[in-house]
Amino acid sequence: MIAQIATYLPEAVVTNEALSAIFTEWTPEAIYQKTGIRQRHVAAPDECASDLAVKAAEQLLADKDRAAIDFVVFCTQTPDFLLPTTACLLQQRLGLPHRCGAFDFNLGCSGYIYGLALGKSLLESSLAQSILLLNADTYTRVLHPDDRSTRPIFGDAGAATLLSRASKHRLHSFVFGTDGSGAEQLIIRAGGLRNRNAEAAASGQAGGDPAAARASCLFMNGPEIFNFTDILASASLKEEEIDLFVFHQANAYMLEHLRRKLKIPKERFELCLEDCGNTVSVTIPLALERAIGAGRIKGGMKILLAGFGVGLSWAGCILEWHE
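Each residue of the sequence shown is one higher than the one before, counting from 1 in this note's numbering.
Watch out, some of these pointers could steer you wrong.
[As the list claims (entries may be wrong)] Here are the simulated lysine to any residue pairs, SDA-like style, with alpha carbons at most 25 Å apart:
hint	residue 1	residue 2
1	LYS55	ARG93
2	LYS55	VAL13
3	LYS120	PHE103
4	LYS55	LYS34
5	LYS298	LEU271
6	LYS34	GLU184
7	LYS64	LEU94
What the hints contain is simulated information worked out from the structure, not anything from laboratory work.
Based on the sequences and whatever the hints tell you, model everything.
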């Protein structure tokens, strides 16, 4: 199903040195020890999620027949507009055929697995032969400048994955889960139709109402998200059957907790956040792309993919890699 992956990281970076100048009680090394992150890429002021997706997709499609794409599917929680659906804009910008289906879906850290499942379903139902799955977010746009729990963690990125019936790499054994009672643990309370105070929030960020500014920024209850990951640790998969574990790259502390709890050797556990941070639904394709490029993924391997976060939502699957 997975034929190729390409990713894009914005040019601008925020280093731990820059953050320690703002949060003076932290040293750059202390931030790294807590998060496993040394820098995170940040979208330019005029860059939106669609721009990051386009730059990833252009790399992937450089030598492909764009007329062969049957669907473009876009996962984002930071769309360009409330409407129209950003995937429609991406169809036009990427020069995809008018017969191409296009839709967005709103998920965070579990979004890549959901996208793979949607793509697999479209391919296996014969509604499509070739699907362009795009993931991109500009979470740094919704971080409050004074929030020390989120600013060291998140970065911006885009990913493009080509899913094809012709690919030999198999996806199977999907598992999904949802616990909406945990929605308050990771939430942006304003900006949708229930709390339409985006303008007030903007004025708050500029020195107006600070409560309004906070309402339009990401709120994260770290300990609750951390406890939630114990569900993954109780999964009934046999550890020895998996050649490589690629989890959502939340932060190094959480990933190390999971690795130890599941008793996974370090050499079979992928880490990919030191130079880019938590890029939401892009973390898994970014980790996969780098592992493939470095030769850590070889023919015959079974790879466990798992995403978990905002919703609360989680999903996992097995990727079998064949040369």
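Status of each hint after checking the structure:
no. : hint            : verdict
1   : LYS55 / ARG93   : 11 Å, holds
2   : LYS55 / VAL13   : 17 Å, holds
3   : LYS120 / PHE103 : 15 Å, holds
4   : LYS55 / LYS34   : 31 Å, violated
5   : LYS298 / LEU271 : 17 Å, holds
6   : LYS34 / GLU184  : 24 Å, holds
7   : LYS64 / LEU94   : 12 Å, holds
Hint compliance for this structure: hint 4 is the single one not met.
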